[in-house]
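Q: Work out the full structure, taking the sequences as your base and the hints as a guide.
The sequence shown maps to residues 0 to 391 in numbering that gives the first Met the number 0.
I should point out that these hints are in silico values taken from the structure, not numbers from a laboratory. Yeah, the Cβ is synthetic: ideal placement off N, Cα and C, and Gly gets one too. Some clues are possibly wrong.
What the hints assert, rightly or not - Listed next, the in silico PhoX-like pairs over lysine-lysine satisfying Cα-Cα at most 20 Å (straight line): (1) 59 x 48; (2) 382 x 137; (3) 48 x 37; (4) 382 x 370; (5) 384 x 374; (6) 137 x 370; (7) 137 x 15.
Stated by the list, open to error - Okay, the calculated beta carbon distance ranges per label pair: (8) 48 x 0: 16 to 22 Å; (9) 391 x 153: 32 to 38 Å; (10) 350 x 214: 56 to 62 Å.
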Amino acid sequence: MFPEGFIELLQASTGKADTVAAALSEAPSVSIRLNPAKLQECPFPDAEKVPWSPYGYLLKERPVFTLDPLFHAGCYYVQDTSAMFVGHVFREVTQHLQPGCRVLDLCAAPGGKTTDLAASLRERFGDRYSLIANEVMKNRFAVLRSNVETWGDPCVATVSRDPSAFGDEPAFDAIVADVPCSGEGMFRKDEEAIADWSLRTVDFCAARSRRILADIWPTLTPGGILIYSTCTFNHFENDDTVAWIAEELGADVIPLPPFPPAVNTQYGYVLLPGLVPGEGQYVAALRKQYPDNISSLSGRSNGTFPVASAFISATGKVPSSSGSDTTAPLVNVDRLTALHYLHGDAIVLPEGAPIGPVTIGYEGHALGPGKNLGKRCNNLYPKNKRIRMDIR
0 MFPEGFIELL QASTGKADTV AAALSEAPSV SIRLNPAKLQ ECPFPDAEKV PWSPYGYLLK
60 ERPVFTLDPL FHAGCYYVQD TSAMFVGHVF REVTQHLQPG CRVLDLCAAP GGKTTDLAAS
120 LRERFGDRYS LIANEVMKNR FAVLRSNVET WGDPCVATVS RDPSAFGDEP AFDAIVADVP
180 CSGEGMFRKD EEAIADWSLR TVDFCAARSR RILADIWPTL TPGGILIYST CTFNHFENDD
240 TVAWIAEELG ADVIPLPPFP PAVNTQYGYV LLPGLVPGEG QYVAALRKQY PDNISSLSGR
300 SNGTFPVASA FISATGKVPS SSGSDTTAPL VNVDRLTALH YLHGDAIVLP EGAPIGPVTI
360 GYEGHALGPG KNLGKRCNNL YPKNKRIRMD IR
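A: Structure below.
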C-alpha cells in the first residue's frame, strides 16, 4: 500500500509508524469550523467540539454539504481538525499583535487557514487588521478567492504572486506559510499523494520550501512571527527546515508547550492519525531576529511592497457574498427555494418582496444577488458557483 521507503522514514521521523500506518487505512473524519460572524451554534446534531479550535466541530457522519444553503452562505467551512491546529498555534504566539497589524497567508489555497486566521483577527481587532491571502497557482487561486468571498470578511484580500514578487521591504507582522509538501499526512484522502511520493520528492519539497521562505523572509518585520506548517511527517520537510530557517535566515524558534494529543518534536508539533481524529499536520513558530544594529522596533514598519497598491490601498475589501450588492434588501426564502436559486433556476420570492435588485437570503444569511420582477426573480447567482447536483 505504501511507497518504498515511506515506513522507514515515518518511523525515523515520528517513532510511531505502526500507529500511523494503521490509521491511514481507515476512513477519514469530517469536521467543520463555524464562521463566528454569521453562526454561533453548530447546525449538526451530536457534533463534538474540537479542543484546539473555538469554532471547530467534529461531525459524526458526513452530510451532503452541497445541499445545505448555510454552507453556500459561508456560515461554516469544511476543514480537517488537524489543519485547525495551525490557527491554534497562531493564536497562542501572536498575542502581542496590535490593531492595524498586517498578516500574510502565503500559500493560502483553498482558504481554510485564511478563514481561520480571519475569524481570530476579527475577534481581537474588529475591522482594524489586514489579512492578505496569496496563492501562486492560478487554478488554486480561483478556489481561494471564491472561498474568501463566500466567507465574507472585508479585511481579507486575495492575491496571486510568487513569493519573490513581494519585494524586500518589511511589510507583515506575521506570516503563515503552509508550504507545498510531499503530502504524507493526506495519504488516506488523496491516492495521488501516495502515487507521487518518493524520497526524491521529499528532497525536492524540502528544497522548494526553503526557496519559498527565503524569498518571502525580507517582508517579515524584525520581531515578526512566522508560522511554518506542512501536511507531512518527515523531518526533512519539518524540523530540519525549521532549523534551516533559524540558522540561515535569522530566527529564534518559539518553544511550544505540550498540548496532547499533538506530539512535540524538537521544534514544533506533529499531529498523527491514530492519535488525533484528523489527518497529518506539522506546525512550528519562529520569531525573526532583529538586525545587529537594532535592539527593538518602535511601532509598525513603514515598509511597502510592490503589490500593496493593488489591494491594501483599496481597503483590501472583497464581496461579502457571492457577488451580491450588500445594499440591496435581503429577502429570505425557504430551503428548497434557496437550493433552486443556488442551482441557477428562476425563483418566485415571497409576497411583498421589494421589486428590483435584492439579495437572496436563507435564515438571515446572504446567498447572492437577484432581480425581482414580481412574478419571478431573475437569478444572478454566479454561474461558476452554481450547484450541479440534482436537488429534487
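Q: The structure should be examined with respect to each hint, and the outcome stated for every one.
A: Do the hints match the structure? See the list:
With a C-alpha separation of about 11 Å, the suggested pairing of residue 59 with residue 48 holds against the 20 Å cut-off. Taking the CA atoms of residue 382 and residue 137, the gap is near 19 Å; set against the 20 Å cutoff, the hint holds. Straight-line distance between C-alpha atoms of residue 48 and residue 37 comes to about 18 Å, which keeps the hinted pair within the 20 Å bound. Using a Cα cut-off of 20 Å, the hinted pair residue 382 and residue 370 holds, with the two alpha carbons roughly 15 Å apart.
Straight-line distance between C-alpha atoms of residue 384 and residue 374 comes to about 25 Å, which puts the hinted pair past the 20 Å bound. A distance of roughly 32 Å separates the Cα atoms of residue 137 and residue 370; the hinted pair therefore is violated under the 20 Å criterion. About 37 Å separates the Cα atoms of residue 137 and residue 15, which puts this hinted pair outside 20 Å; it is violated. At roughly 33 Å, the beta carbons of residue 48 and residue 0 sit outside the given window of 16 to 22 Å.
Between residue 391 and residue 153 the beta carbons are some 37 Å apart, a value that agrees with the proposed interval 32 to 38 Å. Evaluation of the 56 to 62 Å hint for residue 350 and residue 214 yields a pass: the beta carbon distance comes to about 58 Å.
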